[in-house]
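Colleague: Chains A and B, in that order, give the protein sequences. Counting from 1 along the first sequence, just add 188 to a position and that's the residue number in the working numbering. Counting from 1 along the second sequence, just add 2 to a position and that's the residue number in the working numbering.
Hints were generated in silico from the structure; no laboratory data involved. Every value quoted in this text rests on a predicted model; they were computed, and no experiment measured them. All residues carry an ideal CB built from backbone N, CA and C; glycine is no exception.
Computed Cβ-Cβ distance ranges for the label pairs, DEER-style:
| hint | chain 1 | residue 1 | chain 2 | residue 2 | range |
| --- | --- | --- | --- | --- | --- |
| 1 | B | ILE5 | A | SER215 | 48 to 58 angstroms |
| 2 | B | ASN227 | A | SER215 | 56 to 66 angstroms |
| 3 | A | VAL193 | B | ALA172 | 45 to 55 angstroms |
Here are the chains, one letter per residue:
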Amino acid sequence: MTTDVLLEFADVAFRYPDGNAGLAGCSLTIARGSRNALIGANGAGKTTLFQHANGLLKPQQGVVRYAGQPVDYSRAGLRALRGEVGLVFQNPDQQLFSASVREDVSFGPLNLGLDMAIVRERVEQALQAVSMAPFADRPVHNLSFGQKKRVCIAGVLAMQPRLLILDEPMAGLDHAMRAELLAVLDGLHAQGITLLLATHDIDFAYRWADRIHLMAGGRCTAAFDAAALPDNADALAAARLPMPGLVELHRLLVARKLLPTDSQPRAMGELISQLSASEKDFQ
Amino acid sequence: MLIEQCAYGNRWRRVTPAAKGLFSIGSLIAAFTATQPATAALVALLVVITTVFGAGVPAARFLRVALPPLGFLLLGCLTLAYSLDVAPANGGLAVHWLPAGWTPVLQLAARSCAALSALLFLALTTPLVDLIALLRRLKLPEVLLEIMVLCYRMLFVFSEALHDTRTAQAARLGYATPALTLRSLGSLTANLTLQIWQRAHDLNVAAQSRNNDGTFRFLEPAYANSRRDIAVAGLGASTLILLAVTMR
Numbered sequence: 189m190t191t192d193v194l195l196e197f198a199d200v201a202f203r204y205p206d207g208n209a210g211l212a213g214c215s216l217t218i219a220r221g222s223r224n225a226l227i228g229a230n231g232a233g234k235t236t237l238f239q240h241a242n243g244l245l246k247p248q249q250g251v252v253r254y255a256g257q258p259v260d261y262s263r264a265g266l267r268a269l270r271g272e273v274g275l276v277f278q279n280p281d282q283q284l285f286s287a288s289v290r291e292d293v294s295f296g297p298l299n300l301g302l303d304m305a306i307v308r309e310r311v312e313q314a315l316q317a318v319s320m321a322p323f324a325d326r327p328v329h330n331l332s333f334g335q336k337k338r339v340c341i342a343g344v345l346a347m348q349p350r351l352l353i354l355d356e357p358m359a360g361l362d363h364a365m366r367a368e369l370l371a372v373l374d375g376l377h378a379q380g381i382t383l384l385l386a387t388h389d390i391d392f393a394y395r396w397a398d399r400i401h402l403m404a405g406g407r408c409t410a411a412f413d414a415a416a417l418p419d420n421a422d423a424l425a426a427a428r429l430p431m432p433g434l435v436e437l438h439r440l441l442v443a444r445k446l447l448p449t450d451s452q453p454r455a456m457g458e459l460i461s462q463l464s465a466s467e468k469d470f471q
Numbered sequence: 003m004l005i006e007q008c009a010y011g012n013r014w015r016r017v018t019p020a021a022k023g024l025f026s027i028g029s030l031i032a033a034f035t036a037t038q039p040a041t042a043a044l045v046a047l048l049v050v051i052t053t054v055f056g057a058g059v060p061a062a063r064f065l066r067v068a069l070p071p072l073g074f075l076l077l078g079c080l081t082l083a084y085s086l087d088v089a090p091a092n093g094g095l096a097v098h099w100l101p102a103g104w105t106p107v108l109q110l111a112a113r114s115c116a117a118l119s120a121l122l123f124l125a126l127t128t129p130l131v132d133l134i135a136l137l138r139r140l141k142l143p144e145v146l147l148e149i150m151v152l153c154y155r156m157l158f159v160f161s162e163a164l165h166d167t168r169t170a171q172a173a174r175l176g177y178a179t180p181a182l183t184l185r186s187l188g189s190l191t192a193n194l195t196l197q198i199w200q201r202a203h204d205l206n207v208a209a210q211s212r213n214n215d216g217t218f219r220f221l222e223p224a225y226a227n228s229r230r231d232i233a234v235a236g237l238g239a240s241t242l243i244l245l246a247v248t249m250r
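Chain A on its own, in the form it takes in the complex (with noise of 0.2 angstroms):
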C-alpha cells in the first residue's frame, strides 16, 4: 500500500564536511497518520535524518520521498516540503530567536506567505494547543525550559504541518510536563498529525508509539510494530536496549498462570487494572 507511505527514506547516506558520518544507507518509511517512534544512542544520526526529512541536508546517496515524490530541493519545492513536515528541534534556546512568544509562533506562518489575519489566527490556535495562550506577550527568555519547548512545538504547529518531527521532545522535562506534552501530541494525532520523535526510553515507545524504528551507525537497523516488541528481543540486543520491564513481568505473570495469554498490556497502569480484575487467587 504505496499511498499510505507518506515518508520513506530509501538509502539515504551523507556524510558531514568535517568526515563524520551522518547516514550510511539509511531506508525507513512513515505512514500516514501514524505514531513513530525513533530510537537510537547518542550519535546514531537520529538528527540527521530528521534535518533530511525537512529537507535541510540533501542526501550524497539514496532518495527521499514524501508522498510518494523524490523530495524536489528546488527554492519552491523546498518551501513546499518545509510546509509540510515541521521540525522541532532538542534545544528550544536553537529554535527561538524573536524576543517575544507570539512573535516567534508568527515566524513560520508569516514565512509561508499567509494573510497577517489568518496568522493571527493560527498563532493564537497554536498557542491554544499547548497551552501558552496566557504567555503571548511575555519575552521568550522569561520562560522555563518546559514553556520554551511548548513555545517551540507551537511554532511549528501554526505552520499546520501533516508531518510533525520533534527530536528529543521529553528530554529535560519534569514528570507533570511529559504528561502535558503527551497530552498535546495525543491531541494532534487524533486531528490527523503523522508524529515522529525521538526518544532514548523503549518503556515510553512501547506505551505510546505504534510503530518502533531503531537506528545504530547512521542505518536504520529494525522497524517493527510497537506490539510486536516482544517478538523482537534480537534487534533490541543489537541495539543494545532492554525489553521493557513491563514486557518481562507480564512474561512472568503469564507463565505463572496469573493472567491469561491473550492479554498485552502497554503500559504499566494496563497490568496492574488487569491484575485487579484477574480473579486468580494470589496465594
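Got chain A sorted already, so can you dock chain B onto it with the hints?
Modeller: Relative to the frame of chain A, chain B by itself:
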C-alpha cells in the same frame, strides 16, 4: 534587567506603545524648548510624576535606573563649572571658577534631567518587544529591526551561556586566585567565541526549517483603546510643550 522588570510590570503595560512614544517625544521636545532652567526642571518633575504615579513605577527603582546617567551629567556639569586657562602673563595655569556664572550649568543640568526623564519614561513603561513593533510600524528599515531583534534575544542567550560557564569554572576553583582568574577568563572568552559561532549557525538552520528565506517577518500585537490612549498622550505632550514655550 531592572529596566526589563519595570517595562513588563508597570501599570501601562497594555497601553499602546504609540501613545507612550508620543508622550516621550513630546516631553523631549519640551525639554529642548525650555530655555529657563526652572521650566526644564518643571518639565522633568512632571514627567517623573507621570512615570511614578501614572505608570506606577516605584520611585526607588526609578532613582536607581537614573543614577548612572545622573553621574555622567554631574561630570559634564563640573567641566562646565570651571575652565582651565593657560595664562601667558605669568606663564602658569589658572583655574577659573564659573567663568560664565551659574546659568549655563543650571540650564544644562535641568534640560538634561528633563530629556533623561522623558527617555526613562519610555524605557520603563514599554518593553523593547513593543518598541521594536512600534518602530516597525514607523517603517524603520527592516535590516535595523532584524539586528535589534537578534541582538535583544542574543543578549539573553549569551548572558546565560556566560553565566553558566562562569559558574562551572567557579565550582572547580577557577577564580580562587588572581592568576587562576586570568586563566579562567581567557578560556571563558575562547569558549564563548566558539559557542556564539555554533549558536548562530544553529539559529540559521532552525530559521530555514521554518521556511525562512532571509527576511524576518513577525506579527504585530493588537492593543485595545489605542485611539483614546494616543489622544490622551498627545494632549499630555502638547501641554508640556505649551508650558515650555510660554515660560521661556
